[in-house]
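S.K.: Protein chains in written order, with numbering that gives the first Met the number 0: chain A, 0 to 359; chain B, 0 to 176.
Since the hints were made in silico from the structure, they are not lab data. In this text, all values refer to a predicted model and were calculated from it rather than measured experimentally. Be aware that one or more of the hints could be misleading.
Stated by the list, open to error - Derived lysine to aspartate or glutamate pairs resembling EDC-like cross-links, with alpha carbons at most 20 angstroms apart:
no., chain 1, residue 1, chain 2, residue 2
1, A, K314, B, E75
2, A, K236, A, D273
3, B, K73, A, E291
4, A, K339, A, E27
5, B, K28, A, D310
6, A, K228, B, E4
7, A, K21, B, E137
8, B, K69, A, E44
9, A, K21, B, D110
10, B, K28, A, E88
11, B, K28, A, E79
12, B, K73, A, D310
13, B, K69, A, E316
14, A, K228, B, D26
15, B, K28, A, E186
16, B, K40, B, D110
17, B, K28, A, E316
18, A, K236, A, E268
19, A, K21, B, E131
20, A, K175, A, D158
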Amino acid sequence: MSTYKIPVGPLHVALEEPMFFKVEVEGETVVGLDITAGHAHRGIEYLVAKRNIHQNIVLTERICSLCSNSHPFSYCMALERIAGIVVPERVEYLRVVADEIKRIASHLFNVAITAHLVGFDSLFMHVMEIREIMQDTKESIFGNRMDLGANCIGGVRYDLDAEGRGYLLAQLDKLKAPLAEVRALYETNGSFLRRTKGVGVLPRAEAIRLGLVGPVARASGVDYDVRRKAPYVVYDKLSFDVQTLPDGDVWSRTMIRLREAIESIRIIEQCMRDMPEGPTTIDKTPEIPAGESIAKSEAPRGELIYYLRTDGSDKPERLKWRVPSYNNWKGLQVMLTGAKVADIALVVGSIDPCISCTER
Amino acid sequence: MKDVEVIVTRSLAAAAADRYQVNWRTDVKGVTTGWCVLDDKDELVAVARALTELSARLSTITAYGAEKAKQTGKFEIAYHFDLDGDTLTVTVHIPVEGEIDSMTPYFANADWPEREMAELYGIRLRGHPHPERLFIDESLGEAVFDQYIPYSTMVNAATTKGLWEKVLAKGKEQVAK
Chain A
0 MSTYKIPVGP
10 LHVALEEPMF
20 FKVEVEGETV
30 VGLDITAGHA
40 HRGIEYLVAK
50 RNIHQNIVLT
60 ERICSLCSNS
70 HPFSYCMALE
80 RIAGIVVPER
90 VEYLRVVADE
100 IKRIASHLFN
110 VAITAHLVGF
120 DSLFMHVMEI
130 REIMQDTKES
140 IFGNRMDLGA
150 NCIGGVRYDL
160 DAEGRGYLLA
170 QLDKLKAPLA
180 EVRALYETNG
190 SFLRRTKGVG
200 VLPRAEAIRL
210 GLVGPVARAS
220 GVDYDVRRKA
230 PYVVYDKLSF
240 DVQTLPDGDV
250 WSRTMIRLRE
260 AIESIRIIEQ
270 CMRDMPEGPT
280 TIDKTPEIPA
290 GESIAKSEAP
300 RGELIYYLRT
310 DGSDKPERLK
320 WRVPSYNNWK
330 GLQVMLTGAK
340 VADIALVVGS
350 IDPCISCTER
Chain B
0 MKDVEVIVTR
10 SLAAAAADRY
20 QVNWRTDVKG
30 VTTGWCVLDD
40 KDELVAVARA
50 LTELSARLST
60 ITAYGAEKAK
70 QTGKFEIAYH
80 FDLDGDTLTV
90 TVHIPVEGEI
100 DSMTPYFANA
110 DWPEREMAEL
120 YGIRLRGHPH
130 PERLFIDESL
140 GEAVFDQYIP
150 YSTMVNAATT
160 KGLWEKVLAK
170 GKEQVAK
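With the rest of the complex left out, here is chain B (with noise of 0.2 angstroms):
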């Protein structure tokens, strides 16, 4: 076991007692990437504080698809920390009306990547500091993955294959008439 489990673990261990799982896998090269799922979202605030204490870096934070979230009626956030080389990922589960508290009091850089899962599946967050939007104009509605289809699906022409028999197909028509 390399010393990032142990301490990791340990930390987890006196953040969220025994209402967790985390496996760790260790490559070649020796760098090792931990998976914790957490039972109760609302032990991230204990989580996260630990792995301030072990001088962790929030690497970044991502949300899961709106299709999945409607099949399951629960939204999946995984935090991506980086330790010193390794990665630690710790996903959490959330109902699709539920809130996530913010993590900027304990990582900083929390501010974009929160807004942004925010603007793009419409999850909502306790406690950011300012919740606007970051990329999205607020003309558009909101969770604008679920809502919105790219350009070229809309008209009709979303895979070249799709395109190309509609074209051979006019030139068909055009022949026959």
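Chain A with its partners taken away, still in its complex shape (with noise of 0.2 angstroms):
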């Protein structure tokens, strides 16, 4: 049989953000893969070394959306890291929180991203107003449903007090039941798991021969977060468990990622239960001398690295950073060799791509 090249893409393939895929196809399956990037490249690495260190506190948390915390977070930790700024233990604390209520919506946001791939739209919708609970706690307690502006030099630029606390932990009620409610339903639900189970399939030796990392790897049983392995604020003192499923397909990507909310849910009950009283800032302006640090986090997406190097002046000598989307486009060409042409899209939307932060 004779092989076809079509294009996919660059617009809709599974979400509003632009990847040209040229895939081969021989009849109704795929044979070969070609990815064209560069479409939304806006050349914040180059923007970065032209801004000062607090700028960048700002434009790194625009980056990405879904996973804008990560970006500053990490960033201020590199800083922290060659200032040899110790931060108090209060902040450490709503470090987590602003980071796990980011990974439940994010992770929300694709698991019902892929209920709508499968054409399971009403499972979709009910998703997304899950989620909206988290969004609304976002709005209430940051001021913003998507960007937090929660991270600065030495703390963070919020606080909860009793109330706050009360309303976060009310909030995180409201997610309990339906949460686990849907995640029965995407377990057994019978036309889910026909277009879910077995397909994209990626074997774990790929995921650790690809360096793949986050959610996608651990589906394929890669036993890796960056919260245990290189543990950074609280997470050496906070319990949960981390998730990781043996068929590398597109369910067990978003059974993950369900998972995950979950314990996301338990992690920051846990912040509330322990975080101590204290200041939510260093008491002093923040000097940042010459040096160099790696920053390492677990975004929603898997690991996002910094590396910082300073020279003393105002602004960063060089600030890299790289997404966790990165390195897991690469698995798509094992996961998509073999799979049918209607199930592309779905495959895609399984690596929970971020094209903005792949580019920046």
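Combine both chains into one complex, guided by the hints.
M.R.: Have a look at this one:
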């Protein structure tokens, strides 16, 4: 049988972000894949070298929307490591809270989109409605639905008093029952299972060979979570289970995200229980000397790494970051080989790709 | 000394003898970062091979800015490897006209970061399987980070302060008329 090349994208492959796939097909089976990127390249890595250290907190938050908090969070940690700043313990808890709220909202978004991509739109809308509880929570606590503006050097820019903590816990309680309900649905619904089980399989060995990270790698049985492997802030004091599944298909990736959202609720509840009183920032203006540092965090899509080098001036000499999606695109070549044309969008969506992040 | 330091130092010594420096830092959470500088860029292949044996994962590659390369005559490239949570950064220096060996035979995911540093900084790769552009269109020149300036700078509104001063000056002109 002869093969054909069909263009998929760049617009609306799975999400409203541009990525162009040249897919080679034999009949309706995918036999090859070429990825053409660059439609959302904004040169942010160049821009950060032209902005001062404080302006870059604002700029890095705008690299991505769904993992917006992970960027300034990791960037501030990189700065603090160079300056030897030890942040107050309350700050560490508040940073976890902000990051985990974002993780729940981000994971639920992808879980919802997956339902949409298999044509289960009532479930899509139902999950988006559940996610709205987290969106409301962000708006109430941080004043914004996406960019939280939670981090600064040596501290956070928000606090939770007794009323705030009560509100947050009540919002989490509201999430629990509907989340358990949709989890059961995703686990047992026949039409969802038929479209996602055994589809877009990424074997563990390939995930390791290609250096994949985050829920995509964990769904292929790679037991790696930055929060556990390289603990930062107070993750070493919090109890949570790193989620892994063995099969590496679309279903596993969806389930990992759902389970992690549920784990995040547990994490935030522990923070509310254990968070000590204290200041929310250091009490002096930070000075950043010359130096270099690495800061890693577990963003919703996996390992985010920041490398920072400073020369004692107010601008970073070099600021480089690698987002989890950047590595995960490579997995598509394995997942899509042998897949049906009708599943392309579903498999692409299942790596929870972020293109603005990837290209910067 | 943590295990990772001992194991990696042994591997580095086997791969690059005494032609490297390395130092280690461990933070309060017990997470270690290693900082290694190789004397000769051509040692990188041997070091990469040694790191694959330690099941290292290439996290990313950082190339250094063109402006600095102009001053020193050398590019600096830092390879960041993950060792089960700890991070080893291996830095090499290459002359501006020089080449660097591709890491793709050892780390499949070096593909994209290498193509990116080639298009942004004009760094030449040796042995990359398909060294075409990654993000930047072919119609744009080489080493875009060196050649191109942000649109906001081009229109002389690099900062909001600069823009505001222009607006104020315009306003005064109009009042004077």
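S.K.: Which hint numbers does the structure go against, in order from smallest to largest?
M.R.: Of the numbered hints given earlier, those the structure breaks are 5, 15, 17 and 20, listed in rising order.
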